[in-house]
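Visitor: Sequences are here, hints too, so could you generate the full structure?
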Amino acid sequence: MLFAFLITISASITSIAQTIKIDHDESARRITFGNEKLTLTFNYTLTAAISRLIVNGQDVISGEAGIYSMIRTKDSRYSTLHLQSNPTVKVSGNTITVDGIAYGDSNLSIMETWTFNITNTEIRFDIARKTSKDIVAEEISSPVFIFDSINTWEGAYQDYGGLAWFYLFNKQRDTYGVYSKTSEFWNSKTGNGLTISVTAPKDHVTMKYTRTENDQLAYTVSPTSTEMQLRFDADTKRRRYVRDTTDVWAPINIPAGTSNQSIVLSHFNFEEKFGRGNLKGINQQQVSSVLNTIARIGVIGKKHFGGNSWHTPYGPDLLARTIHRTDGSRHQ
Numbered sequence: 002m003l004f005a006f007l008i009t010i011s012a013s014i015t016s017i018a019q020t021i022k023i024d025h026d027e028s029a030r031r032i033t034f035g036n037e038k039l040t041l042t043f044n045y046t047l048t049a050a051i052s053r054l055i056v057n058g059q060d061v062i063s064g065e066a067g068i069y070s071m072i073r074t075k076d077s078r079y080s081t082l083h084l085q086s087n088p089t090v091k092v093s094g095n096t097i098t099v100d101g102i103a104y105g106d107s108n109l110s111i112m113e114t115w116t117f118n119i120t121n122t123e124i125r126f127d128i129a130r131k132t133s134k135d136i137v138a139e140e141i142s143s144p145v146f147i148f149d150s151i152n153t154w155e156g157a158y159q160d161y162g163g164l165a166w167f168y169l170f171n172k173q174r175d176t177y178g179v180y181s182k183t184s185e186f187w188n189s190k191t192g193n194g195l196t197i198s199v200t201a202p203k204d205h206v207t208m209k210y211t212r213t214e215n216d217q218l219a220y221t222v223s224p225t226s227t228e229m230q231l232r233f234d235a236d237t238k239r240r241r242y243v244r245d246t247t248d249v250w251a252p253i254n255i256p257a258g259t260s261n262q263s264i265v266l267s268h269f270n271f272e273e274k275f276g277r278g279n280l281k282g283i284n285q286q287q288v289s290s291v292l293n294t295i296a297r298i299g300v301i302g303k304k305h306f307g308g309n310s311w312h313t314p315y316g317p318d319l320l321a322r323t324i325h326r327t328d329g330s331r332h333q
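The opening position of the sequence shown corresponds to residue 2 in my numbering, with each subsequent residue numbered one higher.
Don't read these hints as lab results, they were simulated from the structure.
Please note that the accuracy of each hint is not assured.
[As the list claims (entries may be wrong)] Dumping the calculated DSS-like pairs for lysine-lysine here, alpha-carbon to alpha-carbon at most 27 Å:
id	residue 1	residue 2
1	K131	K182
2	K274	K303
3	K134	K75
4	K203	K190
5	K75	K131
6	K182	K238
7	K190	K134
8	K281	K190
[To be verified] Restraint ranges, calculated between C-beta atoms of paired labels, are given here:
id	residue 1	residue 2	range
9	R232	L292	29 to 37 Å
10	D234	G58	39 to 47 Å
11	G162	T246	22 to 30 Å
12	K274	K91	33 to 41 Å
13	T96	V288	42 to 50 Å
14	S133	G94	27 to 35 Å
15	T96	Q59	24 to 32 Å
16	S86	V288	52 to 60 Å
17	L280	V137	49 to 57 Å
18	G64	D234	46 to 54 Å
19	T46	L280	48 to 56 Å
20	S107	L292	48 to 56 Å
Quick reminder that beta carbons are idealized off the backbone N, C-alpha and C, glycines included.
Guide: Set out below in structure tokens:
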């Protein structure tokens, strides 16, 4: 009996271990890795980029410029899609370390190290960046995720209770910026969900979502040492939803030196996490849709609430501006 029990335990442990996979093709400078629910492909031929992301069997990112780092200044654009030399990749157990991600020019040198740690339930993606001098960045993407379509996900829930609802991104270049450290992307039709959580010690984290000119979804993570400010509206700096531009955030000073952040990716089942159960006598799907979207969209930020129209001049925070002016309190 004891022998049979030990065999059962051993088989169970082996089964769990086999959900982690790492396939390194050194000649092609490509490495594919992941677990049962997530699979990523990383390319490093004069580039450092994730070219493919599969979530629970569904391709959500498929392109050479899938996930990468980028800094844009007033005069230049630098990214890990164009490196000065090939980085080095080391695999140790369930950890992948990418060193020597060097990009920039004679005016600015940027060096990054990427580390991927794979477990049975999640993938942690660490980025350490060093910049050679102080700069003013028009945009910082650390990183940016280019999902295949604006319809890949229906929306993304935020850590403050609101959401980015991609149904409302009805024009190319529509952009929405939020102060959040977590995005929970979901699609009720496929049942797939992808949680992306960001930790940046001593840093502030902002995110933005853009419908690209190719009708893809660009999701940008921006950790900064000081809080980023919204670019538009000289009086309140509150316009979070902008049209015909991707510059929702104002330029920000990035000091020379090193910054660190961790991004954790994990899968969830939409119905298990956000389903409302079996509702008798009413349309369960419609009620769930209302509670998961319309009921959330008025939550603009922490202690900041408004209406549910993004297509007024101030997006959904028009009501919040009215409340702010009538009761004298501040809602952000």
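Visitor: None of the hints should be skipped; say for each whether it holds.
Guide: Here's how the hints hold up against the structure:
Of the supplied pair hints, the one linking K131 and K182 holds, its CA atoms being roughly 22 Å apart against a limit of 27 Å. Between K274 and K303 the alpha-carbon distance is near 22 Å, which keeps this suggested pair within the 27 Å criterion. The suggested pairing of K134 with K75 holds, with an alpha-carbon distance near 15 Å, which does not exceed 27 Å. In summary, the hint linking K203 to K190 is not supported, as the alpha carbons are separated by about 38 Å, beyond the 27 Å threshold.
With a C-alpha separation of about 20 Å, the suggested pair K75 and K131 falls inside the 27 Å cut-off, and the hint holds. In summary, the hint linking K182 to K238 is supported, as the alpha carbons are separated by about 20 Å, within the 27 Å threshold. At roughly 47 Å between alpha-carbon atoms, K190 and K134 are farther apart than 27 Å, so this suggested pair is violated. Only pairs whose Cα atoms come within 27 Å are accepted, and K281 paired with K190 is accepted, the gap being roughly 21 Å.
A C-beta distance of roughly 32 Å is found between R232 and L292, which places it inside the suggested range of 29 to 37 Å. D234 and G58 have their C-beta atoms about 43 Å apart, which keeps the hinted 39 to 47 Å range intact. Distance hint check: the CB atoms of G162 and T246 are about 27 Å apart, consistent with the given range 22 to 30 Å. Here the CB-CB span from K274 to K91 is close to 35 Å, well matched to the stated 33 to 41 Å.
The given range of 42 to 50 Å is respected by T96 and V288, whose C-beta atoms sit roughly 44 Å from each other. Separation of S133 from G94 is about 33 Å and conforms to the stated range, judged on CB atoms against 27 to 35 Å. Our hint of 24 to 32 Å for T96 and Q59 holds, since their Cβ atoms are close to 26 Å apart. Taken as a hint, the range 52 to 60 Å holds for the pair S86 and V288, whose Cβ atoms sit roughly 56 Å apart.
For the pair L280 and V137, the beta carbons lie near 52 Å from each other, so the given range of 49 to 57 Å is met. A C-beta distance of roughly 34 Å is found between G64 and D234, which places it outside the suggested range of 46 to 54 Å. Judged by the Cβ atoms, the range 48 to 56 Å given for T46 and L280 holds: they are separated by roughly 52 Å. Hint check: S107 to L292, Cβ distance near 55 Å, so the stated range 48 to 56 Å holds.
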